[in-house]
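Peer 1: Could you slot chain B onto chain A? The hints should help.
Read top to bottom, the protein sequences are chains A and B. Start counting the first sequence at 1; every next residue gets the next number (the working numbering). Start counting the second sequence at 1001; every next residue gets the next number (the working numbering).
I should point out that these hints are in silico values taken from the structure, not numbers from a laboratory. If a hint is listed, it holds; no wrong ones were tucked in.
Computed Cβ-Cβ distance ranges for the label pairs, DEER-style:
no., chain 1, residue 1, chain 2, residue 2, range
1, B, R1433, A, L374, 58 to 64 Å
2, B, T1292, A, V309, 45 to 51 Å
3, B, D1360, A, A370, 25 to 31 Å
4, B, S1250, A, D280, 57 to 63 Å
5, A, V309, B, P1248, 29 to 35 Å
6, B, R1027, A, D357, 33 to 39 Å
For glycine and all other residues, C-beta sits at the position ideal for the given N, C-alpha and C.
Now for the letters of each chain:
2 protein chains.
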Amino acid sequence: MTTTASRYDPATFQGLRFHTATDAFLRDEDTPRDYLERCLAVIADRESVVRAWVVLDEESARRQADASTERWRRGEPLSAVDGLPVGIKDLLETRDMPTQMGCAAFAGNFPKRDNAAVWALRRAGAVIVGKTVTTELGGPEPSPTTNPFDPAHTPGGSSSGSGAAVAAGMVPATIATQTGGSLMRPASFNGNWGLKPSQGAINRGERQTASMTTHGVLAACPEDMWLVAAAIARRAGGDPGWPSLVGPESPPLPRRPSTVAVLETEGWERLDAASRSAFDQILDQLAVNGVTVLRRDDTVVARLEKALVGASELGSAILAWEHYWAFRDVLADHPDGLSARGRRFFIETAERMNAADYDDALRERVFIRAAHALLGPCIDAVIAPTSTGPAPVWRGDVPGTEPSRWPTGDPAFNFPSSLLGAPAVNVPLMAVRGLPFGLQVLGQPGTDARMTGIARWMGETLTPVSV
Amino acid sequence: MTTTASRYDPATFQGLRFHTATDAFLRDEDTPRDYLERCLAVIADRESVVRAWVVLDEESARRQADASTERWRRGEPLSAVDGLPVGIKDLLETRDMPTQMGCAAFAGNFPKRDNAAVWALRRAGAVIVGKTVTTELGGPEPSPTTNPFDPAHTPGGSSSGSGAAVAAGMVPATIATQTGGSLMRPASFNGNWGLKPSQGAINRGERQTASMTTHGVLAACPEDMWLVAAAIARRAGGDPGWPSLVGPESPPLPRRPSTVAVLETEGWERLDAASRSAFDQILDQLAVNGVTVLRRDDTVVARLEKALVGASELGSAILAWEHYWAFRDVLADHPDGLSARGRRFFIETAERMNAADYDDALRERVFIRAAHALLGPCIDAVIAPTSTGPAPVWRGDVPGTEPSRWPTGDPAFNFPSSLLGAPAVNVPLMAVRGLPFGLQVLGQPGTDARMTGIARWMGETLTPVSV
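Bound conformation, chain A alone (with noise of 0.2 Å):
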């Protein structure tokens, strides 16, 4: 029997947690391996449909589980996710898996290294049960997984099997990355919570090739996100020379805001009118709350907002120049190894650029980041819709008309994140029309810990809304 996609309601969904189970696993009354045995049939089940997956190694992940039911049983854990089945974003380097990033000039690819983050999720106690699908070298070209909530909407991207494996129950939580939205738009389209770390917070090992990328946790709860994120960072550290996330072990308690500014930036004019009616109730909710909403009236978040014109562009550029040195070789061995869009996103966006014009791009961040860093002492976190709207549909390119630029969905509203190197949480509090539709709390570099008290807040206080 294959359980059918059905529509999202955010108050009634419930996702797969780990941080309830593990009670149980001390008393023996349920273990990993059992647990394990869940999401595997789970997996079965759904993954026809969803294609969350490029590598499964269900063999390997009986094995760790086994491993990890001893401990419990034990009473000795690793960790608090000792057991805990994730998948890893197949941007990373697995020992013992292909590496190979959706991309056919990468296909084979397997390097035989570990990511940091795989490497501490291991020391963790962690089972890796496989590789999830990226979008094509977490690009704008569509992979194959379905958003798990109706198979003809994209699941976003580029952390595309990341989101949908969490969505469908499939893992309780899964490594994804972010360079512009690749984390929280999937997020947003998937109901899950997600964590878009603080620039350099969790160590991303070999993928140090660009400024602004992290490494992060999708998760159906927010314990069991941030105590994946806390595992990692406490055994890996931060990226080369940045401090690793600040913050205790176990989950940040929920913490009520006293003030949060709506950033209105690039992505708000193509908010859908349903989508903005949503985000509208939860700011009524807020004002219900107690919670003073800033918005573009304040000359402090009209400076920010004004800093964030042309985000997109800017991001991009960065991106595409940073990128281009990691890829360049293989690319150019690989002529027809990535796809006509991937070619415009990476190779040709960069060889438009020359080494100034990076570094001008770089004064431009510095610009925006010192417009943030105003409005740090005058609000407790940002707040702003995740993505323009639901999970589109997409069903190809149209011969004979211009492909389209962002077929995993509009990352508009992600970009400021990564430009300004903030923690971002996604809240799954919203549906439109049936399909999840997230809200984000945005903080100052280093607050990964009190965005998420915020953020676990407005997900324990405010009613979801479906519209």
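Peer 2: Frame of chain A; chain B shown alone:
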């Protein structure tokens, strides 16, 4: 006939210059191919003793030089370094040659990609002659390279081959790298001009996994040193997130400083009497030339010296932790692929640390950088010896005694520029017992061109000292 090594006199020593040759290329009185053949003849003559190269590709170099010859004949060189024969330190990836990092665990490693600096040099028309010897993974385990001025002495490390190749007149310039003292120490021991640029100023391509590594240039004259660095930075820019090398494409003009500070850091007590006397003669000459020299009785200088106490230990800890992520799995798969000294330096240091220790080390580095920034408005440059003396003799560990920690020389005078992210230029102005001994000029991050100008002024104005 093999040329024997000769003792070094900084007043008369002349390495191989390139920038003085290009006028003859334009007039067709000399060609890049002939220039290369002269280099290859020196290599054939001296390589059996000096052992500066791990891979030499003479055929490819001749093809590259012929193409350059054609461009100069047409009056259309790609850059000022078109035709310049250059050696690439074997830590940097090259498409057409293996990258074995002086380490048995990486024997046969051949990723077939060009490091960003290598790519940029090719675009600028430079002739890639081969890969120069590095100590094992750029660490303390010595390489087979010998000092061109006396083969019983070390050429320094880790850029052993890069320093020795320039000193032996095999090529006019080489690419080197520094994390602790890997560029500046060989520059001192080999009588090279050397630029260790500001952190981030030259794109390291795939080598981004450490927060205080830089690619730099060793050359026989300041003009070639700068031309090569600028040719790379102009094409490949800085590291992701960092502005590229600030300054003109042509060599910065000599620049007289008004005030310099002498930094007496932990290396000071280990300077031998002859080397200290040579350095004192330089200080006397500065005073004669009207340059004010601040020393530790100045409170701002004293504050930086105090902040730098323990710099070698701090720097060693940071670099061990950061390298751990890059090398961990490869070394685990090749337990005999790393020397005992390398294992102690890279692996055991890191395994004694955790993420919180690393964060603490970064905080300490922030404090040191703040102390350096305070000095910025007070002086034009910091000066110091580049090493604790000329190159020591290295005959191998003595069985039954504790293995030498720094067989390629003490890095105590080099860790400061690495920790500070500061540009540093080695001026080959001194000889001690017939071997080179360098003076370093060190500035605030971003002042690479200014420091090069000050170093040139010193090189042209001060009388070389032999003791």
